[in-house]
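Trainee: All chains should be built: construct the whole structure from the sequences, respecting the hints.
Under the numbering used here, the first residue of the sequence shown is numbered -19, with each subsequent residue one higher.
Honestly, I wouldn't trust all of these hints.
[Unchecked claim] Beta-carbon label-pair distances, calculated as ranges: (1) G9 to T121: 57 to 63 Å; (2) E151 to R80: 34 to 40 Å; (3) A192 to I41: 46 to 52 Å; (4) E151 to E130: 19 to 25 Å; (5) G9 to L163: 34 to 40 Å; (6) Y113 to R152: 32 to 38 Å; (7) I41 to H132: 38 to 44 Å; (8) T121 to S92: 52 to 58 Å; (9) F149 to G55: 29 to 35 Å; (10) H132 to Y93: 44 to 50 Å; (11) D74 to V159: 52 to 58 Å.
These are computed hints drawn from the structure, not numbers from a lab.
Please read all numbers here as calculations on a predicted model, not as lab measurements.
Think of the CB as a built atom: it goes at the ideal place given N, C-alpha and C, for glycine as much as any other residue.
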Amino acid sequence: MYCRISGILFIAAMLMSIVTLAQAPGYMGKRFSAHYENQLWYSFTSRHMDLFHIASAEYVITLSHVLALRYTYSGLQTQFDKINTPDGASVIYDVRGLVRTHALSVWGKFFSYRKGFIAPVGRYTSCGAGFLYHKSYASETRSGLHSGDELHHYADVIVYFGQGRQFVFAERLILNVGVQVGLPAVTAFRIRSGLLNGDLYSRVFFASLFRAQVGMGFLAF
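Mentor: Structure (structure tokens):
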């Protein structure tokens, strides 16, 4: 009788520990993860694929919620010829432009626990808000000789929304795929300079509206 009771108590304790471990926030007790992602935007006007680099740190706070701090960087470039006709004579200028964007944002990811997805694994909906800093630079040359520069700085704020799915491999690696939409202010259209054309700024603005993303993460602890 004593052996039976001891066996029952041992099995019950094992089941309780398994249930407790399964319901603990995080993946196998690991809550903190570091991520690197790429977001892509194809500009149909310039026929150019723009790439955004993202580094983030994420922490599982409940079974359904993840808090993330994210840094985004992009450097969009353009080059074109500008033709001026002073006094009826055509003069061709070579213009090179660059817009660098730095963004720092705070995110929340919400996993559907009722559907069996426990953070940080499965489908999620996300939202966040961030601060953007734009720096645009343009250089103009004529017949190989430098003729002018322009430099502008602008700040902006943006609200993000997204959906995606995360997969865990080898108990440490996280694959994240999804889409992101943003609601920025109109700063991207106010960066205009006298040298650069509007295509570069439209690329900055519309890339903030919608991006596809794919990235890898590492479960640290």
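Trainee: Could you run down the list of hints and mark each one as holding or not?
Mentor: Quick rundown of the hints versus the structure:
1. G9 to T121: 57 to 63 Å: Distance hint for G9, T121 holds at roughly 59 Å.
2. E151 to R80: 34 to 40 Å: 38 Å, holds
3. A192 to I41: 46 to 52 Å: 27 Å, violated
4. E151 to E130: 19 to 25 Å: Violated, since E151 and E130 (Cβ atoms, about 52 Å apart) do not stay within the stated range.
5. G9 to L163: 34 to 40 Å: Since G9 and L163 have Cβ atoms about 37 Å apart, the given range 34 to 40 Å holds.
6. Y113 to R152: 32 to 38 Å: Holds, at about 34 Å.
7. I41 to H132: 38 to 44 Å: 39 Å, holds
8. T121 to S92: 52 to 58 Å: 56 Å, holds
9. F149 to G55: 29 to 35 Å: 31 Å, holds
10. H132 to Y93: 44 to 50 Å: 46 Å, holds
11. D74 to V159: 52 to 58 Å: 37 Å, violated
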